[in-house]
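*Asks:* Chain order of the listed sequences is P and A.
Numbering-wise (the working numbering), the first sequence opens with residue 1 and increments by one.
Numbering-wise (the working numbering), the second sequence opens with residue 1 and increments by one.
Incorrect hints may appear among the rest.
What the hints assert, rightly or not - Examples of chain P residues toward chain A, derived with CB under 8 angstroms: (1) G103; (2) R113; (3) V227; (4) L231; (5) V269; (6) V276.
Unchecked claim - Computed Cβ-Cβ distance ranges for the label pairs, DEER-style: (7) A:F191 with P:R113: 31 to 41 angstroms; (8) A:D232 with P:R282: 19 to 29 angstroms; (9) A:S210 with P:V115: 44 to 54 angstroms; (10) A:A25 with P:L81: 43 to 53 angstroms; (11) P:Q55 with A:R225: 57 to 67 angstroms; (12) P:V184 with A:R211: 36 to 46 angstroms; (13) A:V308 with P:Y91: 27 to 37 angstroms; (14) A:E306 with P:A118: 13 to 23 angstroms.
Keep in mind that the hints were calculated from the coordinates and are not lab data.
All C-beta atoms in this analysis are idealised placements derived from N, C-alpha and C, irrespective of residue type, glycine included.
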Amino acid sequence: MTLVLSQLFTGISIGAVLLLIALGLSLTFGQMGVINMAHGEFIMAGAYTVYVLQQVITGAGWSLLVALPVAFVVAGAMGVLLEFLLIRRLYARPLDTLLVTWGVSLILQQLARDVFGAPNVQTRAPELLTGSIRITDHLVISSSRVFILVLALTAVAALTIVLKTTPLGRRIRAVVQNRDLAAVSGLATARVDRLTFFIGSGLAGIAGVALTLIGPIGPTMGTNIIVNAFLVVVVGGIGQLQGTVIVAFVLGVLQSMVEYTTTVSVASVIVFIAIVAFLQWRPQGLFTLRTRSLA
Amino acid sequence: MRLLRKPVTGFAIGAVLLFGVAPLALGDFRLDLLAKYLCFAIVAVGIGLAWGRGGMLTLGQGFFFGLGGYAMAMHLKLADAGPGQMPDFMLLYGQLDELPWWWRPFANPLFALSATVLLPMFTALLLGLLIFRRKVRGAYFAILSQALCAAFAILLIGQQGTTGGTNGLTNIQGFFGYDLNDPVNRRTVYFIVAAALLAVLALTWQLMRSRYGELLVAVRDGEERVRFLGYDPANVKLVAYVAAAGMAGLAGALFVPAVGIVSPAMIGVVPSIEFVIGVAVGGRASLLGPALGAIAVAWAKTALSERVPSAWTYFEGLLFILPIVFLPGGLASLAGTIRRRSRPSAVVETPAPAKVEVTT
Numbered sequence: 001m002t003l004v005l006s007q008l009f010t011g012i013s014i015g016a017v018l019l020l021i022a023l024g025l026s027l028t029f030g031q032m033g034v035i036n037m038a039h040g041e042f043i044m045a046g047a048y049t050v051y052v053l054q055q056v057i058t059g060a061g062w063s064l065l066v067a068l069p070v071a072f073v074v075a076g077a078m079g080v081l082l083e084f085l086l087i088r089r090l091y092a093r094p095l096d097t098l099l100v101t102w103g104v105s106l107i108l109q110q111l112a113r114d115v116f117g118a119p120n121v122q123t124r125a126p127e128l129l130t131g132s133i134r135i136t137d138h139l140v141i142s143s144s145r146v147f148i149l150v151l152a153l154t155a156v157a158a159l160t161i162v163l164k165t166t167p168l169g170r171r172i173r174a175v176v177q178n179r180d181l182a183a184v185s186g187l188a189t190a191r192v193d194r195l196t197f198f199i200g201s202g203l204a205g206i207a208g209v210a211l212t213l214i215g216p217i218g219p220t221m222g223t224n225i226i227v228n229a230f231l232v233v234v235v236g237g238i239g240q241l242q243g244t245v246i247v248a249f250v251l252g253v254l255q256s257m258v259e260y261t262t263t264v265s266v267a268s269v270i271v272f273i274a275i276v277a278f279l280q281w282r283p284q285g286l287f288t289l290r291t292r293s294l295a
Numbered sequence: 001m002r003l004l005r006k007p008v009t010g011f012a013i014g015a016v017l018l019f020g021v022a023p024l025a026l027g028d029f030r031l032d033l034l035a036k037y038l039c040f041a042i043v044a045v046g047i048g049l050a051w052g053r054g055g056m057l058t059l060g061q062g063f064f065f066g067l068g069g070y071a072m073a074m075h076l077k078l079a080d081a082g083p084g085q086m087p088d089f090m091l092l093y094g095q096l097d098e099l100p101w102w103w104r105p106f107a108n109p110l111f112a113l114s115a116t117v118l119l120p121m122f123t124a125l126l127l128g129l130l131i132f133r134r135k136v137r138g139a140y141f142a143i144l145s146q147a148l149c150a151a152f153a154i155l156l157i158g159q160q161g162t163t164g165g166t167n168g169l170t171n172i173q174g175f176f177g178y179d180l181n182d183p184v185n186r187r188t189v190y191f192i193v194a195a196a197l198l199a200v201l202a203l204t205w206q207l208m209r210s211r212y213g214e215l216l217v218a219v220r221d222g223e224e225r226v227r228f229l230g231y232d233p234a235n236v237k238l239v240a241y242v243a244a245a246g247m248a249g250l251a252g253a254l255f256v257p258a259v260g261i262v263s264p265a266m267i268g269v270v271p272s273i274e275f276v277i278g279v280a281v282g283g284r285a286s287l288l289g290p291a292l293g294a295i296a297v298a299w300a301k302t303a304l305s306e307r308v309p310s311a312w313t314y315f316e317g318l319l320f321i322l323p324i325v326f327l328p329g330g331l332a333s334l335a336g337t338i339r340r341r342s343r344p345s346a347v348v349e350t351p352a353p354a355k356v357e358v359t360t
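Put together the whole structure using the sequences plus the hints.
*Replies:* This is how it looks when you write it as structure tokens:
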């Protein structure tokens, strides 16, 4: 029983990481039908923000707290720049956007390699988050994982509030549901797009800060995690936060359970097969917007 | 008649270049490299068919490339080891007492050879049936195809005892009884690869100009309309996807004797998306564009990486960005424009417009 519980918690914490990464992705994908391959590098930017800040601010706890908003703005600004320079030229060609943003991600990776060096860099975690929480004698969970879970849930809650209650959220939802109608009603859709991209990319920066607590920071850290985050978005369905949340946790738990009973490599294959099977049942993802569009 | 003559002269020029000029002009080392580039070109022709003509952006061709490559490499490893023996790396890791069951059939050259092409095609058929019938397409399809090759690469790395893990299957000495260290035999391998490329091009040309080719383009540009006309778009896409998978498998199989190694580093997410770049640069919807683009990009990679390794990554990033944003038809569309300007009266097949997709 303890074993199952501890695997379950591992799964949930994998899911929390996935959720943090996929949250911004699903926002931009839902909004513009754009898959942003450079999302992983925005995560990397967030992680390096912590590293740079720790050169200035010595206290590990403070630097992490400061890093959260700074990383949000840094990654968000990168996202807006990307949207402004490239993506808005390609709205009619979503598949091409995928390739173009991949090119951007390659350049950003090499840039990180040239600026910070190819080897991974180290950051200090605050003391509060280095320990672990003992629930029973056998069930011990690390506090950094709990922190990430809390952070992910906070991000979901904040995003939900923004989307459901603020004027900006109303505009975003309007554009997701029917871009043409929103434009005709007088919404500046281009500006809404840019703001959405800012928020979505900024969330990647926050995910990057969280990742410094559990893994190495290096130029290729983005690529390693991004494929699974894409799967979460695809399976969760576009434009729907609830789908992303549920699928992130389900995928995380599935991965950790299968990994425990088999091996890491077999688990990745089984998860892939499970996803293809799931898409047989729901080809548009778990939750879909009901539209009359045929395509 | 003129329609017929044009591609035939193109093929003749290509054959002369590949079989006459290149072997004479290039040294052994460069010719080996060219053989490698031609393998990439074969994959690119398949992507051109599936993506340029069919609108399916497949980011997972590395999976099929790897299936073909591993099928070939497994046979060559077994042939190197001799009958009844185990490949050297299995003895080295020492985890196994005897050959795993799924290695055994590959000792048979006929089985292995047919598996290099049929195995990828069969897998593509199975996967395509599941995916296209449920109308999974666009970015969804692209992401799924990418996840496929990611999972495959992780699986190969994890099963080190039976697949060679990260190292892959290396140190391949012979090719059906011929010693691969002998430059003459390596030259022969080059000729085989070149012939395969020409054959694949001829096949693709046939597919493109047939009724099926028209249908494929129609599905790309308006899937629902084609459905309303009474065709099943899933089947149309399936044929192109399976053909592209077969080509990638063939390329992978030829890559093994040409380069002497196959490893997960050649089939993961990154190499799979790199296959696409030559296609985009050369012109995704044209016949020769993908092949020439793939050769040019692979050549540029070698040339640049030899001098300044970090410059290549920047250049590659720009290759993904600039042609796709500013020249969606690739270099082939440039050639079309020039031809039209110089011969305004001639009817030139217009390059396909950038894919316009309606997303929900």
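*Asks:* Against this structure, judge whether each hint is valid.
*Replies:* Structure-based check of all given hints:
1. G103: G103 (chain P) check passes; min Cβ-Cβ to chain A is 3 angstroms, inside 8 angstroms.
2. R113: holds (7 angstroms)
3. V227: holds (5 angstroms)
4. L231: Cβ of L231 (chain P) sits 6 angstroms from chain A, so the hint holds.
5. V269: holds (5 angstroms)
6. V276: holds (6 angstroms)
7. A:F191 with P:R113: 31 to 41 angstroms: Holds: the Cβ-Cβ distance is about 40 angstroms, inside 31 to 41 angstroms.
8. A:D232 with P:R282: 19 to 29 angstroms: This hint holds: roughly 21 angstroms between Cβ atoms.
9. A:S210 with P:V115: 44 to 54 angstroms: holds (52 angstroms)
10. A:A25 with P:L81: 43 to 53 angstroms: holds (46 angstroms)
11. P:Q55 with A:R225: 57 to 67 angstroms: holds (59 angstroms)
12. P:V184 with A:R211: 36 to 46 angstroms: holds (41 angstroms)
13. A:V308 with P:Y91: 27 to 37 angstroms: Holds: the Cβ-Cβ distance is about 35 angstroms, inside 27 to 37 angstroms.
14. A:E306 with P:A118: 13 to 23 angstroms: For A118 (chain P) against E306 (chain A), whose Cβ atoms are near 19 angstroms apart, the range 13 to 23 angstroms holds.
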